[in-house]
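> If you're matching them up, the sequences are chains A and B in order. Per the numbering used here, numbering through the first sequence is continuous, rising by one, with the last residue being 401. Per the numbering used here, numbering through the second sequence is continuous, rising by one, with the last residue being 428.
No false leads were slipped in.
When the alpha-carbon atoms are kept at most 27 angstroms apart in a straight line, the in silico DSS-like pairs for lysine-lysine are as follows:
1. B:LYS209 x B:LYS128
2. B:LYS313 x B:LYS117
3. B:LYS406 x A:LYS233
4. B:LYS64 x B:LYS53
5. A:LYS288 x B:LYS331
6. B:LYS406 x A:LYS77
7. A:LYS232 x B:LYS406
8. A:LYS288 x A:LYS201
9. A:LYS77 x B:LYS331
10. B:LYS406 x A:LYS296
11. A:LYS177 x B:LYS406
12. A:LYS60 x B:LYS64
13. B:LYS205 x A:LYS232
14. A:LYS185 x A:LYS157
15. B:LYS205 x A:LYS261
16. A:LYS232 x B:LYS206
17. A:LYS233 x A:LYS133
18. A:LYS133 x A:LYS93
19. B:LYS406 x A:LYS288
20. B:LYS206 x A:LYS261
If you are wondering where the hints come from, they were derived from the structure by calculation, not from laboratory data.
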Amino acid sequence: MNNAMQSFDLRDDFPFLSRQIDGVDVVYLDSAATSLKPNCVIEAITHFYQNVATNVHRGKSYVTEEASNIYEQTRYKVANFIRCSGNEVVFCKNTTEAINMVALGLELDSDDWILVCSDAHHSNFLPWQQNAKTRYVGLLDDGSLDLETYYKLLEEKPKLAAITHCSNATGLYLPVKEMIEAAHKHGVLTLMDAAQSIPHKAIDVQSLDVDFMAFSAHKVLGPTGLGILYGKKALLEELKPMQWGGGMVDWVALDNTQTRKLPHRLEAGTPNISAVFGFNAALDYIDKLGMENIEKYDNFLSDYIVSKILENKRLTIIGGVGHARSSTTSFSIQGVSNLDDLSRILSDSYGIICRTGHLCAQPLVSAVAGEQVMRISAYVYTTTEDIDFFFNSLSEILDFM
Amino acid sequence: MQSIQLIIANKKNEQHAKREIEYCYEHVRMFKSRLTSMGLTPDDFQRIEDLSKFPIFEKKEFRKHFPAGIFAGRYSLDDARLSRSPSSGTTGDRLVTFEFGTLLLERAINCSETLPKIATAFSATPRKHVRYAAPNCSDVECANPNSTMEDRLMKDGTLILPVYHDLLTTPEHMLDRAIEEIESYQPNLYYIDATHFAFLVRHAKKRNKVLPEAPIVATFSNVTKIAKAQINEMFSENAVKQLVSMSEFGWVAMECEHGHLHLNSKSFIFEFINEAGEPASVNELAEVIITSLDQGALPHVRYRTGDMYRLQKGNCSCGSSSPVVTFEGRKSDFIYLQDTFVTPNDVDEAIGVPSGLALYQLVQKEQTVFELRVIVNEHWLQSSEQQLNQRLSTLLGSNTELNIVKVPYIETGRSGKFRTCMPCEQGE
Numbered sequence: 001m002n003n004a005m006q007s008f009d010l011r012d013d014f015p016f017l018s019r020q021i022d023g024v025d026v027v028y029l030d031s032a033a034t035s036l037k038p039n040c041v042i043e044a045i046t047h048f049y050q051n052v053a054t055n056v057h058r059g060k061s062y063v064t065e066e067a068s069n070i071y072e073q074t075r076y077k078v079a080n081f082i083r084c085s086g087n088e089v090v091f092c093k094n095t096t097e098a099i100n101m102v103a104l105g106l107e108l109d110s111d112d113w114i115l116v117c118s119d120a121h122h123s124n125f126l127p128w129q130q131n132a133k134t135r136y137v138g139l140l141d142d143g144s145l146d147l148e149t150y151y152k153l154l155e156e157k158p159k160l161a162a163i164t165h166c167s168n169a170t171g172l173y174l175p176v177k178e179m180i181e182a183a184h185k186h187g188v189l190t191l192m193d194a195a196q197s198i199p200h201k202a203i204d205v206q207s208l209d210v211d212f213m214a215f216s217a218h219k220v221l222g223p224t225g226l227g228i229l230y231g232k233k234a235l236l237e238e239l240k241p242m243q244w245g246g247g248m249v250d251w252v253a254l255d256n257t258q259t260r261k262l263p264h265r266l267e268a269g270t271p272n273i274s275a276v277f278g279f280n281a282a283l284d285y286i287d288k289l290g291m292e293n294i295e296k297y298d299n300f301l302s303d304y305i306v307s308k309i310l311e312n313k314r315l316t317i318i319g320g321v322g323h324a325r326s327s328t329t330s331f332s333i334q335g336v337s338n339l340d341d342l343s344r345i346l347s348d349s350y351g352i353i354c355r356t357g358h359l360c361a362q363p364l365v366s367a368v369a370g371e372q373v374m375r376i377s378a379y380v381y382t383t384t385e386d387i388d389f390f391f392n393s394l395s396e397i398l399d400f401m
Numbered sequence: 001m002q003s004i005q006l007i008i009a010n011k012k013n014e015q016h017a018k019r020e021i022e023y024c025y026e027h028v029r030m031f032k033s034r035l036t037s038m039g040l041t042p043d044d045f046q047r048i049e050d051l052s053k054f055p056i057f058e059k060k061e062f063r064k065h066f067p068a069g070i071f072a073g074r075y076s077l078d079d080a081r082l083s084r085s086p087s088s089g090t091t092g093d094r095l096v097t098f099e100f101g102t103l104l105l106e107r108a109i110n111c112s113e114t115l116p117k118i119a120t121a122f123s124a125t126p127r128k129h130v131r132y133a134a135p136n137c138s139d140v141e142c143a144n145p146n147s148t149m150e151d152r153l154m155k156d157g158t159l160i161l162p163v164y165h166d167l168l169t170t171p172e173h174m175l176d177r178a179i180e181e182i183e184s185y186q187p188n189l190y191y192i193d194a195t196h197f198a199f200l201v202r203h204a205k206k207r208n209k210v211l212p213e214a215p216i217v218a219t220f221s222n223v224t225k226i227a228k229a230q231i232n233e234m235f236s237e238n239a240v241k242q243l244v245s246m247s248e249f250g251w252v253a254m255e256c257e258h259g260h261l262h263l264n265s266k267s268f269i270f271e272f273i274n275e276a277g278e279p280a281s282v283n284e285l286a287e288v289i290i291t292s293l294d295q296g297a298l299p300h301v302r303y304r305t306g307d308m309y310r311l312q313k314g315n316c317s318c319g320s321s322s323p324v325v326t327f328e329g330r331k332s333d334f335i336y337l338q339d340t341f342v343t344p345n346d347v348d349e350a351i352g353v354p355s356g357l358a359l360y361q362l363v364q365k366e367q368t369v370f371e372l373r374v375i376v377n378e379h380w381l382q383s384s385e386q387q388l389n390q391r392l393s394t395l396l397g398s399n400t401e402l403n404i405v406k407v408p409y410i411e412t413g414r415s416g417k418f419r420t421c422m423p424c425e426q427g428e
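Full structure from sequences and hints, please.
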């Protein structure tokens with residue numbers, strides 16, 4: 001890092017940033033959807049297919065053991081990353097699957113109900129809506145969560161409170177430590193969607209005392225197709241596996257099956273091994289950058305983006321200002337209700353990749369903006385020049401709208 | 001300084017070495033083929049000094065040629081006379097070795113002459129040993145939480161105690177069960193990995209349990225001062241004795257009552273080769289090369305162990321005539337700095353036994369950037385941290401960066417063994 005308030009100077013590590021669209025360099029501002037992948041991650045995936053190739057935990061061949069070693073070593077790295085034990089880290093497909101594993105695995109009674117927050121991504125909304133009785137915490141006028149209602153509803157003892165550390169739409173962080181502590185006071189379990197916070201903030205699950213946490217590797221420079229479910233050991237032991245099959249059992253007879261110990265009892269079938277190899281490299285890369293530096297830089301970019309939005313009178317920031325937020329920020333545009341055309345122009349004429357729509361958080365976006373919003377989201381490879389270019393380009397287009 | 005090329009117990013062993021070479025040439029395809037390609041025959045090894053002409057063999061060659069190329073005869077793998085010793089390899093370099101059980105027993109008895117109480121316990125009947133160490137097979141089959149004591153009781157009277165592959169994830173109920181099984185079995189010998197057993201001992205203390213007295217031999221991986229102190233605290237001042245045991249050879253070296261590690265020179269010939277590949281001097285850091293002498297099922301001549309030692313000068317006050325060495329660690333665990341390196345033993349000396357420290361691991365993140373991961377308890381003091389920082393910084397050099405990080409968990413290697421030092425890969 002050149003210094004805390006300048007960029008990391010990582011562009012050479014991310015091959016996608018050399019991409020051009022019709023001769024125009026791309027500017028990538030959609031990291032909340034998925035982060036770009038550094039060369040080391042791409043190489044680790046290729047290395048797996050070129051040199052290792054075998055399945056994990058099956059058979060006794062030398063390379064199978066090599067594959068299993070890296071696979072389990074990655075689990076240990078994840079455990080160190082979020083500060084838990086290795087057997088509290090379950091590999092799955094993505095954040096969505098991780099949350100579904102809990103929603104289905106808890107085997108909820110008909111009396112159980114779940115406290116769901118309206119700032120949630122659909123991943124932390126629909127698994128509950130479709131599998132349990134739910135009650136919702138609404139939003140305040142500025143798009144932030146109505147925490148007063150949250151604390152009040154806890155008194156009515158839901159089975160679990162499903163919370164979101166950082167909104168994928170507003171980028172706002174919630175005071176999760178207090179929210180978890182309050183839930184536990186009422187004997188309420190907690191599940192935290194950390195998909196949008198884990199790229200930007202060091203998370204210590206022990207200090208948070210969260211019961212379950214879910215995130216995806218691909219938001220943290222890793223490959224797609226790999227999610228992580230963290231759970232306290234005792235709770236994971238109680239979780240009914242969502243899927244049954246190979247690799248999760250110690251013994252199978254015609255009338256009796258004995259599942260393996262944690263975490264393997266929750267990992268049925270062949271996993272996404274190449275993605276795990278890739279994530280191993282991603283975690284090393286993150287470690288070299290240092291989470292403290294990443295968080296500092298994220299705060300800097302977040303302030304920079306907010307200041308740029310506030311400079312333009314036609315833009316209204318979603319979620320208000322003055323709250324802790326990541327460098328993911330959405331805004332509505334006065335006089336422009338359909339943002340699809342705008343998004344296409346930004347992409348095709350300026351090479352800018354950003355996001356418009358309801359952002360898989362329709363209850364929030366509908367309540368606050370009523371219609372589509374535009375979101376830009378940055379990460380370690382983003383520079384202030386990228387952000388300046390985006391806002392200058394937007395102004396130029398808006399002169400025609 | 002005198003160069004130490006060979007450690008040979010006596011004239012008889014010189015004859016045995018010559019016979020071992022003849023035996024290998026006649027019966028072991030890998031050896032014969034290599035000697036032939038070099039234009040050598042047993043006649044070229046008339047004097048013991050000629051051993052240096054014999055090529056040095058590495059683990060991977062034994063893995064590659066197993067079994068047809070390295071067995072000294074057509075033995076069946078389920079031959080009841082043979083004992084199977086699988087090694088997952090601390091750094092993933094695995095190997096399976098077979099040897100006659102009688103020879104392994106003889107080697108163990110020779111080795112334990114250094115410490116008669118171990119020899120007595122080892123040959124006591126009925127044999128009641130307990131083993132607490134990493135399960136030596138993959139996660140899939142081993143450490144099954146539902147296995148019973150009967151499932152884990154071996155024919156030779158060794159009870160394998162239940163433990164998870166990734167030690168610190170072993171659930172409390174399994175630790176309780178291991179303690180109950182020890183109480184019920186009343187062992188006459190503990191055969192343990194010191195880090196693993198220290199973990200069990202810490203749990204026993206938490207439960208206000210006292211494990212039954214019996215001699216303790218610590219093998220499988222480095223015996224750290226901190227682990228030794230934690231175990232001794234429950235047993236006695238001098239309870240834990242280090243044993244260097246290799247799956248290829250059995251018992252190779254044992255600590256005496258006076259705290260010194262003695263080579264089993266009665267069973268093997270040892271060579272000390274320094275970093276430059278030359279015969280090492282006394283007290284010089286050296287890799288040990290071992291030659292077996294007893295014409296076994298799977299003989300080894302000039303086998304490169306990857307284990308690093310320093311040979312000490314003079315005789316031990318315990319009265320044993322076996323050479324004294326200090327074990328410095330696996331070569332693959334050495335931490336290379338710009339102009340020098342430090343060994344796991346150097347690190348362990350610098351760490352010492354600070355109050356409140358349960359477990360540590362030194363991670364070299366870049367050549368000059370280190371993280372010391374520590375698991376501590378309520379007795380840990382801020383001043384301990386400062387002293388530790390000072391001692392390690394002195395060891396690693398003033399131009400290095402060291403961060404001490406308190407963590408709730410440190411993973412074992414995939415072999416199930418702890419590595420106290422995790423060097424960065426070369427070029428990083």
